[in-house]
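Novice: Chains A and B are the protein sequences, given in the same order.
By the count of the working numbering, the first sequence reaches residue 369 at its end, each step adding exactly one.
By the count of the working numbering, the second sequence reaches residue 369 at its end, each step adding exactly one.
Keep in mind that the hints are not guaranteed to be accurate.
[To be verified] Here's a subset of chain B near chain A, in silico, CB distances under 10 Å, partners left out:
1. 73
2. 106
3. 205
4. 267
5. 269
6. 271
7. 273
8. 300
9. 304
10. 308
11. 310
12. 311
13. 313
14. 315
15. 317
Don't read these hints as lab results, they were simulated from the structure.
Glycine is no exception: its CB is placed at the ideal position from the N, C-alpha and C atoms.
Number of protein chains: 2
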Amino acid sequence: MKITCTKELLSHAVQIVQKAVATKAQMPILTGIYMSAADNILELQATDYEIGVSCKIEADIEEPGSVVLSGRYFQEVVRKLPGDKIEIASNTEDRMIKITSNFAQFNLLCLPAEEFPVLKPLAGDTIFQIRDNILKELIKKTVFACANDEARPIFTGGLLEVNNHDVTMVATNTHRLALKKDMIDPFDGNLKMIIPAKILNELARVMVSDVPSNVTISCQRNQIGFAFDNVYILSRLIEGQFPDYNRVIPPNFATTVTINTNDFLDAVERVSLLARDGEYNVIKLAFRNNAVMITSNNPDIGKAEENVQAQIEGNELDIAFNAKYITDILKNINSDQLHFALNTPLSPASVKPTDDPNYTYIITPVRTN
Amino acid sequence: MKITCTKELLSHAVQIVQKAVATKAQMPILTGIYMSAADNILELQATDYEIGVSCKIEADIEEPGSVVLSGRYFQEVVRKLPGDKIEIASNTEDRMIKITSNFAQFNLLCLPAEEFPVLKPLAGDTIFQIRDNILKELIKKTVFACANDEARPIFTGGLLEVNNHDVTMVATNTHRLALKKDMIDPFDGNLKMIIPAKILNELARVMVSDVPSNVTISCQRNQIGFAFDNVYILSRLIEGQFPDYNRVIPPNFATTVTINTNDFLDAVERVSLLARDGEYNVIKLAFRNNAVMITSNNPDIGKAEENVQAQIEGNELDIAFNAKYITDILKNINSDQLHFALNTPLSPASVKPTDDPNYTYIITPVRTN
Numbered sequence: 001m002k003i004t005c006t007k008e009l010l011s012h013a014v015q016i017v018q019k020a021v022a023t024k025a026q027m028p029i030l031t032g033i034y035m036s037a038a039d040n041i042l043e044l045q046a047t048d049y050e051i052g053v054s055c056k057i058e059a060d061i062e063e064p065g066s067v068v069l070s071g072r073y074f075q076e077v078v079r080k081l082p083g084d085k086i087e088i089a090s091n092t093e094d095r096m097i098k099i100t101s102n103f104a105q106f107n108l109l110c111l112p113a114e115e116f117p118v119l120k121p122l123a124g125d126t127i128f129q130i131r132d133n134i135l136k137e138l139i140k141k142t143v144f145a146c147a148n149d150e151a152r153p154i155f156t157g158g159l160l161e162v163n164n165h166d167v168t169m170v171a172t173n174t175h176r177l178a179l180k181k182d183m184i185d186p187f188d189g190n191l192k193m194i195i196p197a198k199i200l201n202e203l204a205r206v207m208v209s210d211v212p213s214n215v216t217i218s219c220q221r222n223q224i225g226f227a228f229d230n231v232y233i234l235s236r237l238i239e240g241q242f243p244d245y246n247r248v249i250p251p252n253f254a255t256t257v258t259i260n261t262n263d264f265l266d267a268v269e270r271v272s273l274l275a276r277d278g279e280y281n282v283i284k285l286a287f288r289n290n291a292v293m294i295t296s297n298n299p300d301i302g303k304a305e306e307n308v309q310a311q312i313e314g315n316e317l318d319i320a321f322n323a324k325y326i327t328d329i330l331k332n333i334n335s336d337q338l339h340f341a342l343n344t345p346l347s348p349a350s351v352k353p354t355d356d357p358n359y360t361y362i363i364t365p366v367r368t369n
Numbered sequence: 001m002k003i004t005c006t007k008e009l010l011s012h013a014v015q016i017v018q019k020a021v022a023t024k025a026q027m028p029i030l031t032g033i034y035m036s037a038a039d040n041i042l043e044l045q046a047t048d049y050e051i052g053v054s055c056k057i058e059a060d061i062e063e064p065g066s067v068v069l070s071g072r073y074f075q076e077v078v079r080k081l082p083g084d085k086i087e088i089a090s091n092t093e094d095r096m097i098k099i100t101s102n103f104a105q106f107n108l109l110c111l112p113a114e115e116f117p118v119l120k121p122l123a124g125d126t127i128f129q130i131r132d133n134i135l136k137e138l139i140k141k142t143v144f145a146c147a148n149d150e151a152r153p154i155f156t157g158g159l160l161e162v163n164n165h166d167v168t169m170v171a172t173n174t175h176r177l178a179l180k181k182d183m184i185d186p187f188d189g190n191l192k193m194i195i196p197a198k199i200l201n202e203l204a205r206v207m208v209s210d211v212p213s214n215v216t217i218s219c220q221r222n223q224i225g226f227a228f229d230n231v232y233i234l235s236r237l238i239e240g241q242f243p244d245y246n247r248v249i250p251p252n253f254a255t256t257v258t259i260n261t262n263d264f265l266d267a268v269e270r271v272s273l274l275a276r277d278g279e280y281n282v283i284k285l286a287f288r289n290n291a292v293m294i295t296s297n298n299p300d301i302g303k304a305e306e307n308v309q310a311q312i313e314g315n316e317l318d319i320a321f322n323a324k325y326i327t328d329i330l331k332n333i334n335s336d337q338l339h340f341a342l343n344t345p346l347s348p349a350s351v352k353p354t355d356d357p358n359y360t361y362i363i364t365p366v367r368t369n
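Isolated chain A, as found in the complex (with noise of 0.2 Å):
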């Protein structure tokens, strides 16, 4: 193989295809990256066997050819490059591949190619069609509200429902709920799948596009795959029933709140300094006199109290949360004012902007004495 291309070029590929590096070598060829070089396109790829991405570029290519470089010294090597072109050279003599650029010049010992397990496309029985930027606002609206611990898998990922123009995307660890809904163009039929965060978070970074473009999603038994761009990921989906989240949404509520969403966060990010080392991390919150009092308390430290002025309609009431459940919502509400919906002080309460009937929030409080 021997290719050139623009160093911009190569460094985005390699930034997009990293995060599938696998770190810990159970399989050391999956520490490396793949490039494949044919038809003036340069392509990348990286699995860990969890997630696979490719990334192709153009390039000029001389030779054609097939390589694989340890991701961790070609990222580096590859960002510290002095010039703006780079010469990519296999070498047939040793197993040594030359990097060039400017004066500078690296000879890496390359991988066996031929034992990288090359991303094959699904040929894909479902396909359809989301705006990038309305899947990026699906999980960034939502994804923060999985389960971390792997006890129970599905919780570790999130629902993506599609069904006729709906579609939906839930993350819940049980204590607390994200939901958030948009549209596409109609397709026939329904889908449930339930994709893990991690490949979530990755694709949310990865979509960069400035104009809103397609992601093509295609998916085949327990896989998904998400083209767009110059870019394709394949994830493995997690199996298992994901429960019926909308028998968690309360129908109706006693009492509603509505309140400045900065105004609030600010609040309890300061109220919850001394509640934080805490076990739960508990803060109280007293909706009275059109005012909501957010107080702390932990015996080693001292208490904290602060007061926001709010709106409240119907019974007024205390109840307690975790408050990192409250700031993790706050944060993705982009509207000035939210709605606090509750009923009693054990019962699910819902968080939304006043201006996206589209995105809701459900909260389980904490029983205090």
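Following the hints, put chain B in place on chain A, whose structure we already have.
Specialist: For chain B alone, coordinates are given in the frame of chain A:
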């Protein structure tokens, strides 16, 4: 105690003293920040017995007194407080300190103020003054060369030498040595003190006055005190005999090379990418044909090489160094060009900026086969 002050001044003071707050609580009281209020001055103090720091700010003192608060929480609370004004009041009934700003109120448990080892400025047998910008430069240009391991304590500090109007700071880990000289107002006598690197770094961090101002340095037995602006820093000195650094500096060199500082730094950083994980992080330099060829070789990863133009006077030679010892000095040279002076592949070399005769760096080569 009851006081009011601006958030700006209090945050500043907390930042100045925080690095002296003990993290591992051999003595709980040392994890606190001591505050003492009198005569419209609020003084903050912290100490871990290695270093003690005091910072005074203006405040409205309604009720004088002194308290000690958890350094960690007080610092976080102050940073997050919403208003420009902060009120701090101790409560006689409980052991709580009330901190109020706008609608936010914190009640922090306080530590027993009477147990805090209040800082006593040195009476000072010897006192001299130095401009803060000069002291800062002496530190920054040398302290990085100190040894990290405590095996030989004298090398974990920088030697500050004062002789009439000459001031010199020297640091070495026995493999490389950095020396910076400057002038002060004539001072009668001569002084040699080894100051812990930790304290030197801390000093450089907190000397932030925009206009050069004087630092008053006083020493007494094994302690040294630095007074500037509204800050006082007290530190222990490292005891022991610092080696005669003049014997380390070669009187003359067989080869003198002039190189562009940044080109050389960039090339060394690139080439050392592959050396870094080697046991000694070794790069080889070949000085010949008015260029320096920088190479590294890591059998497990690959090879790197780069050429940088250079003007060579005297013998050509090949020599090897720990790459970090080279990049450390290159990052501290501000002039476009530097002089790299050498004798033999196994004798110490010198790196100097072309424009500063008072800055010297000596580096011992690595033996390679």
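Novice: Would you pick out the hints that fail for this structure and give their numbers low to high?
Specialist: 3, 11, 12, 13, 14 and 15
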